[in-house]
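Assemble the complex: chain A is given as a structure, and chain B with the ligands must be docked to it using the hints.
Chains A and B, in that order, give the protein sequences.
Here the first sequence stands for residues 1 to 197, numbered as in the working numbering.
Here the second sequence stands for residues 1001 to 1197, numbered as in the working numbering.
Each hint should be verified, as a subset may be incorrect.
[What the hints assert, rightly or not] Calculated cross-link-like contacts (lysine-lysine; reagent style BS3-like; alpha-carbon spacing at most 27 angstroms): (1) K35/A <-> K1035/B; (2) K1016/B <-> K16/A; (3) K35/A <-> K76/A; (4) K1076/B <-> K16/A.
Just so you know, the hints here were simulated from the structure itself, not pulled from any lab data.
Note that this is a predicted model, so its numbers are computed, not measured.
There are 2 protein chains.
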Amino acid sequence: MNSTRDIDALIDLMAKLPGLGPRSARRAVLHLIRKRALLLSPLADQMQQVAATARECLNCGNVGTADICDICESEKRANGELCVVEDVADLWAMERSGVFKGRYHVLGGTLSALDAIGPQELRIPRLLDRVQSEGVSEVILALNATIDGQTTAHYIADQLEGQVQLTSLAQGVPIGGELDYLDDGTITAAMRARKQL
Amino acid sequence: MNSTRDIDALIDLMAKLPGLGPRSARRAVLHLIRKRALLLSPLADQMQQVAATARECLNCGNVGTADICDICESEKRANGELCVVEDVADLWAMERSGVFKGRYHVLGGTLSALDAIGPQELRIPRLLDRVQSEGVSEVILALNATIDGQTTAHYIADQLEGQVQLTSLAQGVPIGGELDYLDDGTITAAMRARKQL
Ligand SMILES: [Zn+2]
Ligand SMILES: [Zn+2]
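Chain A on its own, in the form it takes in the complex (with noise of 0.2 angstroms):
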């Protein structure tokens, strides 16, 4: 069926999706094909812009249209407190709570000598730089509540040990838990209630 290779190809790229597999990406391109003009062309179109123009910000690693992103670039957000988060869906479950109002880093993982993931491959020397050059007074490790989240705020924790105010967040978030899964309000009350370490 010489004629459906396009359609088998969009097939095979929906299917490396995340939370796709080959089943449910048939199913979402035959929704697709279906509903073509309302939206497979949207659809496309805005992937292509995304894909022009989407970058990660070269300070914190949030990503954004900019080489800076927006939280970066705020002056009303430089209030001193650096909220340090292990990816971007992190950052986003905490702008959706909205109880933050300070500036993030995103490491882009955690460190883990299994996968032979050292500080070097996520961004902690440029957490310590930009403690350092930003006038930051304290360091929010609101990492995942998981053995290499808690590994990593350690390790982040031994490093700007004396140089900054150091806390985590506290209660609210449950053991094993992502901060991604969780609700607004239990991130809120989790930040409010965050401890010195």
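Just chain B with the ligands, lined up with the frame of chain A:
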């Protein structure tokens, strides 16, 4: 955060895909941004391509890139057997099993009193025409083993009674099961053991 408007718009569109909610859409978009050269751009191009070329076969309802699909065009498939399925995903599942060498007819759903879907809302009139005009000797009703699927099969069987040999998939389709979930072997067994109505 004005400059993330494009990214937010992409998330909103992705969340309209079946099986993706807001959270998995955010995850998918972050993944796409990380892999924008390897995945996002090719996916956007492929969607553009499919949006421009995909259409439903005017004869059988299959999707392809021509007004009449490859299966309907192929003389090899004109063996007198016509397999009636609910939707294109079921046709694809049958084709993956490789057991069926005839042509298809995609109804586009099932009869449903609740949703006010009658024969005119499906491709049933076209099916009755095809049985006459294409020299069909056997109609295989490969509908899902659901109440609506079986109601639809009985309706079609009543309409075609006496005009053509009527069969249905037999062993292998579990009660309440849907074709698109079955493995190829099960579909093959069900097709080989099809029984006369
Ligand atoms: Zn930034
Ligand atoms: Zn066709």
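Here's how the hints hold up against the structure:
Among the hinted pairs, K35/A with K1035/B is consistent with the structure: their alpha-carbon atoms are about 26 angstroms apart, no more than 27 angstroms. Distance check on the hinted pair: K1016/B and K16/A sit about 18 angstroms apart at the alpha-carbon level, within 27 angstroms; holds. Under the criterion of a C-alpha separation no larger than 27 angstroms, the hint pairing K35/A with K76/A is inconsistent with the structure, at around 43 angstroms. This hinted pair does not check out: K1076/B and K16/A have alpha carbons roughly 35 angstroms apart, beyond 27 angstroms.
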